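When you get a sec, could you build the whole thing from the sequences and use the hints?
Number of protein chains: 2
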Amino acid sequence: MRKQYRRSSRRIEIGGLVVGDGAPISVQSMTNTDTRDPEATIAQIGRLEKAGCELIRVAVPDEAAAACLARIKQAIAIPLVADIHFDYRLALKAVAEGVDGLRLNPGNIGSAVRVREVVAACRERRVPIRIGVNGGSLSKEIRARYGNSPTALVESALEHVRILEKERFELIKISLKSSDVMATLAAYRKLAERVEYPFHIGITEAGTRLRVAVKSAVGLALLLHEGLGDTLRVSLTAPPEDEVFVAYEILKSLGLRERGIELISCPTCGRTEIGLIGLAEAVEKALAHIRQPLKIAVMGCVVNGPGEARHADFGIAGGRGVGLLFRKGEVLRKLPEDQLVDALVAEVENFVEGHEPG
Amino acid sequence: MRKQYRRSSRRIEIGGLVVGDGAPISVQSMTNTDTRDPEATIAQIGRLEKAGCELIRVAVPDEAAAACLARIKQAIAIPLVADIHFDYRLALKAVAEGVDGLRLNPGNIGSAVRVREVVAACRERRVPIRIGVNGGSLSKEIRARYGNSPTALVESALEHVRILEKERFELIKISLKSSDVMATLAAYRKLAERVEYPFHIGITEAGTRLRVAVKSAVGLALLLHEGLGDTLRVSLTAPPEDEVFVAYEILKSLGLRERGIELISCPTCGRTEIGLIGLAEAVEKALAHIRQPLKIAVMGCVVNGPGEARHADFGIAGGRGVGLLFRKGEVLRKLPEDQLVDALVAEVENFVEGHEPG
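Chains as they are written, first to last, in this note's numbering: chain S, 24 to 381; chain D, 24 to 381.
To be clear, the hints were calculated from the coordinates, so they are not data collected in a lab. Values in this document were obtained by computation on a predicted structure and should not be read as measured data. There may be inaccurate statements among the hints.
Counterexamples of contact, computed for chain D against chain S with all Cβ distances above 10 Å [claimed, not checked]:
id, residue
1, Pro-47
2, Cys-91
3, Arg-94
4, Asp-110
5, Glu-120
6, Arg-234
7, Lys-357
8, Val-368
Quick list of the computed label-pair ranges, beta carbon to beta carbon [unchecked claim]:
id, chain 1, residue 1, chain 2, residue 2, range
9, S, Pro-262, D, Glu-353, 55 to 61 Å
10, D, Tyr-169, S, Asn-327, 17 to 23 Å
11, S, Glu-193, D, Ala-305, 40 to 46 Å
12, S, Tyr-28, D, Ala-167, 31 to 37 Å
13, S, Arg-232, D, Gln-97, 35 to 41 Å
We treat Cβ as the ideally placed atom computed from N, Cα and C, and that holds for glycine.
Shown next, in the form of structure tokens:
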């Protein structure tokens, strides 16, 4: 991984997960199960953990949902954040149930007395609060003063921040979300000049998975490349595992995180050997469960393939029925082409088992 | 659209399409049909034109493929580029057949005599040449000297450039592709200091559509945000229409191009009204054929929806069976929720017909 510039931010801990102050940029997601169905929610979080999710947020729309949080918390391995809107009693209940973080805008829960109660509970259990401002839900006052501008997002966030700071509560994380990528970038840049709290980043967008994933990748790439962002969520209207998958692809592309296999293939494969594309996709899918960072080559030429891909941890080369399995440029076995993927998967799994931390 | 910094580059014309010198960043693709099957290739190019493709490249692996180029050229509306490797006779044949551009590395076609012949043909018909260097296919000499570094890509490109400049041929476009996003960015930055020729940009990667689209989005976003890139191709192992779709999503996200509908939806739709997500996706798909830039709102609340989305050209708001169709905040019609999408599509199509340039 490359050493890249990161904005300096304060360190907070959410159930053991460090966010900010140079900690690895963490990947989070949000369940789309009904929180009042704890078993379905726990099962989904289990799948998310396997996919690499490092923090999970659940919607807490009512008392019944809040009452399931302790059960969920006890059954999962990653930090749990309760997403609360307007109702401070749900926040208190969530903290009592043992959540590790809240997503709550303190300016929206009513009186200062209520804020003080929530802050007291959070302080006691060291539960950080994420302030989450969204371009689509700014207050009338903010809109009247700043329109729909990046400044509106920043000023709205600062209003909520001041409410917490007044109570001397500084376990804060901030997000500014909008569906406009360039406005989001401008907003985070401005906010970076005003506060030192860590940033949660993401792009808000509706639509199909491919389109939203691409737009999120554009927005998050620009933010991360400028060092803005300590934790992120890619919001897709798709199974949340896909959010985690896309998040890691973004971070890996930028050299900010490592995880799972990195595929290497012939640049000309599309032109010369159409079968190679299918092979590369098959390998990607068959090795999707591997977490350890490994370079895997899929080459179209048994003569030059192993040599050209000598920097790959493992590789296969196929063509005209014959296949080779190789490791760091050394041929391990010659075998029929249609057995290549299975042989590669077996070899990689065997290697990983020997190398997973005890 | 925002005015953004762009590297200043020379202007070239490829069959009427201006590339460089501040021209709109053009979207290109490559057919995956067999060029020797001109009817299949023409049909695919027709679909690509509809999707917004502005320049199309076809593989020319042999004489038979080259012999189909005139037929293809005559049947399509966008500029045609022939992708040639090693064989200068195919380049000469392609130019004689009337292609608008070549993708050819002059250092790979043999003697200076051959280069001179190709250059003479290109000069006569004003056919630009794209030099395309790929991290996976660098020469032994370059690799020995510069390893696999960004400098290797740049020096390799400059070798080819010098060969053309020696013949006083400057209708040049350059691409440096690699599967490493950060290396690609570093390479283009370096190249920008050395030449003024326009850049074709892209990321080379094998794998599934979602993963490759996300990686391309990351890489192209960083390049475009720095003003590097005059034309682009997103390479996917998927129908090439998807490449065009993803390319426009990247350019639209950055405010560099406008095309088709922009969906706006409630930020809280995932939480409050799960049906709204399906509605937004249905609208996106139903309006995918619209080229005119239009903001379309899909809101979950009939009370606040039209007002909150007053900046949208058209919108629908649904909830509990009742739906509203609105335009610039004004309600046009109240109707059953299940008729909303069809009514919106009819309204938009009607509007677009009245506004398409005669």
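Status of the hints after comparison with the structure:
Consistency note on Pro-47/D: stated as away from chain S, and its beta-carbon is indeed over 10 Å from all of that chain's, at 17 Å minimum. Residue-level check passed: Cys-91/D sits 16 Å from the nearest beta carbon of chain S, beyond 10 Å. Under the 10 Å C-beta cut-off, the non-interface status given to Arg-94/D relative to chain S holds; the minimum distance is some 21 Å. Every Cβ of chain S is farther than 10 Å from the Cβ of Asp-110/D; the closest lies at roughly 14 Å, confirming the non-interface assignment.
Here Glu-120/D stays apart from chain S, with its beta-carbon at least about 19 Å from theirs, past the 10 Å limit. Its closest Cβ contact with chain S, about 5 Å, brings Arg-234/D to no more than 10 Å, contrary to its assignment away from the interface. Taking the minimum C-beta to C-beta distance to chain S, about 23 Å, the non-interface status of Lys-357/D holds against the 10 Å cut. The Cβ of Val-368/D lies farther than 10 Å from every Cβ of chain S, with a closest approach of about 16 Å, so its non-interface assignment holds.
The hinted range of 55 to 61 Å is not satisfied by Pro-262/S and Glu-353/D, whose Cβ atoms lie roughly 38 Å apart. Judged by the Cβ atoms, the range 17 to 23 Å given for Tyr-169/D and Asn-327/S holds: they are separated by roughly 20 Å. For the hinted restraint 40 to 46 Å between Glu-193/S and Ala-305/D, the CB-CB distance of approximately 44 Å keeps it satisfied. Distance hint for Tyr-28/S and Ala-167/D: a CB-CB separation of about 33 Å, consistent with the stated range 31 to 37 Å.
Against the hinted window of 35 to 41 Å, the Cβ-Cβ separation of Arg-232/S and Gln-97/D comes to about 39 Å, which satisfies the hint.
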